[in-house]
Amino acid sequence: MKRFLILTAILFGFMLSYQILKITAQRKYMAQISTKETKGKTLKIVSPDFFTERNIYESFAKRYEANLKYTLRDRPEGFRDIQNIADVVIYPSYIYKSFIDGKIAPLENEKIKNIENLMENYLEITRKSYSVNGKIYAIPVAYSPYAIYFNPSKVVKSTKGRELINKNYKIALADDIGSMLTLFKIFDKKPEDKGLNELIKILSQKPTFFNIDNPAVGMATLQKEKPDVIIAPSYLKGFFEREVGSLEAILPDEGTFSTLYLISNVKGGDNELGYIFINHILDPLIQKNLTDIMGLGITNKTSLTSISAVNYNFLKMNYPEYLSKLYILNSEDEYQKAVQTFTKFKNN
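With the first letter of the sequence shown counted as 1, position 189 gets the number 189 in the numbering used here; the numbers rise by one all the way through.
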């Protein structure tokens with residue numbers, strides 16, 4: 001046993017050293033970019049607010065002496081006119097099909113060094129789903145899964161969603177389609193009228209819906225209703241820990257809903273500066289911050305050696321097979337149908 005532990009420690013040390021060398025090599029590559037090409041420039045970005053994390057723009061400004069100007073969007077209609085306001089766009093994957101028809105530019109792999117460090121499943125997804133005639137148009141940059149939060153003093157601890165979502169527990173749901181789609185995934189139902197009726201019967205009592213766009217309002221609802229179990233995005237884990245403290249969080253064994261975020265250069269924009277930013281957002285240390293600060297799952301495998309063990313385990317990054325269980329919308333049509341179903345769900 002002692003010999004085994006020593007060999008394991010040596011192997012772990014070798015792997016860690018290898019990953020550190022890879023990070024160092026990547027940062028050296030990025031340092032070779034002359035600031036003469038970037039100094040004083042401003043890159044225009046359309047994205048959700050996750051990607052305005054302070055370290056992203058401060059380190060970009062320091063490294064390249066360039067600025068980032070964000071326009072914040074999160075719903076499909078906000079991404080309609082990107083060519084007039086953006087050089088780079090970060091967006092939910094279900095918008096990709098409406099972008100591929102002339103709104104985004106093909107990417108040159110040799111200008112995106114960090115693409116080499118995508119996790120194998122995301123590299124495969126990139127090649128299969130976000131490429132046309134061998135040319136890549138979008139790269140997965142992060143994902144936001146929905147988690148189940150529960151009070152261990154009131155609920156029998158489990159990693160199975162079907163055991164946590166039952167008639168004996170009072171349920172609260174984030175007031176958006178993600179919480180509902182997570183339920184569909186857990187109970188293996190289709191998000192249509194028949195599946196919705198089956199889901200309503202399973203729940204037996206109407207859940208409480210709380211606002212996640214305004215955490216203070218949402219928390220007031222939760223404090224009033226005092227649910228036993230909550231379904232909400234993973235990025236709220238830190239908020240719940242600060243405001244409640246006693247909740248545990250899991251991604252259910254059956255799988256969960258997640259939003260996958262892609263990054264692309266906008267056709268007609270400053271694509272050269274865009275390449276630099278895409279490399280920057282895929283940098284191992286930036287990716288680490290997206291997990292440790294923002295609570296997002298990440299796509300760069302080199303970062304996994306440096307993120308906190310709590311987040312590594314919570315987001316199932318220690319279990320790559322789980323990523324195949326994520327329920328991800330593939331088109332705006334699917335998104336709109338989910339919105340319609342959610343309206344019926346709330347009005348039931």
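Simulated from the structure, these hints should not be mistaken for lab results. These numbers come from a predicted model, not from an experiment. Please note that a few of the clues may not be correct.
Unchecked claim - When the alpha-carbon atoms are kept at most 27 Å apart in a straight line, the in silico DSS-like pairs for lysine-lysine are as follows: (1) Lys-97 - Lys-69; (2) Lys-346 - Lys-128; (3) Lys-190 - Lys-154; (4) Lys-189 - Lys-41.
Said to hold, decoys possible - Ranges of calculated distance between the beta carbons of each label pair, as one might list FRET restraints: (5) Val-156 - Glu-65: 54 to 62 Å; (6) Asn-168 - Asp-333: 33 to 41 Å; (7) Glu-65 - Ser-331: 38 to 46 Å; (8) Lys-97 - Lys-201: 17 to 25 Å; (9) Lys-344 - Asp-188: 16 to 24 Å; (10) Thr-343 - Gly-78: 52 to 60 Å; (11) Lys-226 - Glu-108: 31 to 39 Å; (12) Glu-254 - Glu-53: 27 to 35 Å.
For each residue, glycine too, the CB sits at the ideal point set by N, CA and C.
Do the hints match the structure? See the list:
1. Lys-97 - Lys-69: 25 Å, holds
2. Lys-346 - Lys-128: Violated: Lys-346 and Lys-128 sit about 36 Å apart, past 27 Å.
3. Lys-190 - Lys-154: Given pair Lys-190, Lys-154 is violated - Cα atoms ~30 Å apart, limit 27 Å.
4. Lys-189 - Lys-41: 50 Å, violated
5. Val-156 - Glu-65: 54 to 62 Å: At roughly 56 Å between Cβ atoms, Glu-65 and Val-156 fall inside 54 to 62 Å, so the hint holds.
6. Asn-168 - Asp-333: 33 to 41 Å: 37 Å, holds
7. Glu-65 - Ser-331: 38 to 46 Å: 40 Å Cβ-Cβ, so the 38 to 46 Å window holds.
8. Lys-97 - Lys-201: 17 to 25 Å: 34 Å, violated
9. Lys-344 - Asp-188: 16 to 24 Å: At roughly 19 Å between Cβ atoms, Asp-188 and Lys-344 fall inside 16 to 24 Å, so the hint holds.
10. Thr-343 - Gly-78: 52 to 60 Å: Given range 52 to 60 Å: violated, Cβ gap about 20 Å.
11. Lys-226 - Glu-108: 31 to 39 Å: For Lys-226 and Glu-108 the Cβ distance comes to about 54 Å; the hint is violated.
12. Glu-254 - Glu-53: 27 to 35 Å: 31 Å, holds
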